[in-house]
Amino acid sequence: MKSYLGPLNKENPILTQTLGVCSALAVTAQLKPAVVMAISVTLVCAVANLIISLIRNTIPPRIRIIVQLLVVSSLVIMVDQLLQAFFYDISKMLSVFVGLIITNCIIMGRLEGFALSHKPGASLLDGLMNGLGYGLVLVVVAVFRELLGSGTLWNHQIIPSSIYEAGYLNNGLMILPPMALILVGALVWIQQASRKNTAK
Amino acid sequence: MKNFSNKYIFLYITALVTVVALMLTMVSLGLKPLREDNQKVEKAQQILKAAGYGETAKKQALALFDQVTTRQDKDGQEHYRIRCADGSMGQVIYVKGKGLWGPIWGYIILAEDNSTIKGVVFDHKSETPGLGARITEETFHRKGKNPQ
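Chains as they are written, first to last, in this note's numbering: chain A, 1 to 200; chain B, 201 to 348.
Everything labelled a hint here was simulated from the structure, so no lab data went into it. All of these numbers come straight from a predicted model, not from anything done at the bench. Glycine residues also receive a C-beta, built at the ideal position from the N, C-alpha and C atoms. Take the hints with a grain of salt, since some may be wrong.
[As the list claims (entries may be wrong)] Quick list of in silico lysine to aspartate or glutamate cross-link-like pairs, EDC-like style, CA-CA up to 20 Å:
1. 202(B) with 236(B)
2. 32(A) with 255(B)
3. 92(A) with 323(B)
4. 296(B) with 313(B)
5. 92(A) with 337(B)
[Stated by the list, open to error] Covered stretches of chain B, going by a simulated chain A footprint (3 or more residues, C-beta under 8 Å):
6. 202–210
7. 232–238
8. 282–293
Using the sequences and the accompanying hints, generate a full structural model.
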């Protein structure tokens, strides 16, 4: 069980394996799209892992990447269609990044590295945990960016108007992509430092 | 490692693609009415924004759109006249074209004198965030308004 929890901490796909960084920078200016993106990636990663694991013994090795891409892309198209039907505003916010889940290295990495050689139950859990590990970083970065960049969380005003009247200003840099990179870098630094301390 | 014949590989991938295509078609057709409703609301919101009403809530957009517009189709094409937020009348011109990665479109509100642009709104399907996707930003829309 402990090894499955790795993606939430020591084996985090973004912080340790530096995978899926592109979308982590792009969709974290606000908490809402970050949470939706996290849920979408988690669902795609878990279900794709499960499907590939279920059919793993029937997949010819020569076309395994094509089969993996076919499964992932069809799941992503379904997620995109569902978002357009039920969460249209968020689907506009996420724009091309939903489609780019197909190229998210975390998903292909887990299919190739885990689902092809493990049983369905274990693969489902692995996909779920890796998706959640990715989502956790997205949510942490988005909370900082939305709170300090716009003074809101989930579009609700958090920083009271009295603070603004006293001269406080939102940090415009927070909602720009470079700040997302700096925040992810800071999280990597914190995580690496804590690992070294644990090792000592 | 198990050996798979070319025939098996061909049949396997054909069956898989067929199953996936059928599933995607069912999902797409099943959700089409909901997607079209959302697109209708979005169109109303964009035209109202170009006419100076600002951002309108999803629930109010269609009602306000029906209230301030009159449909006068020309040559089988949808055509609207609109009462702008400042009280003046204008016509809605729909424009569309090719973006880098997909279609781009917009609504231009032309004043009654046919020479003043009262407002514009542009949108896109899949342009690059930070580059082409910036045509949806207010700063870009302001450039098209009331040219000298």
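Looking back at the numbered hints, which does the structure fail to meet, lowest number first? Hint check: 1, 4 and 8 fail, others pass.
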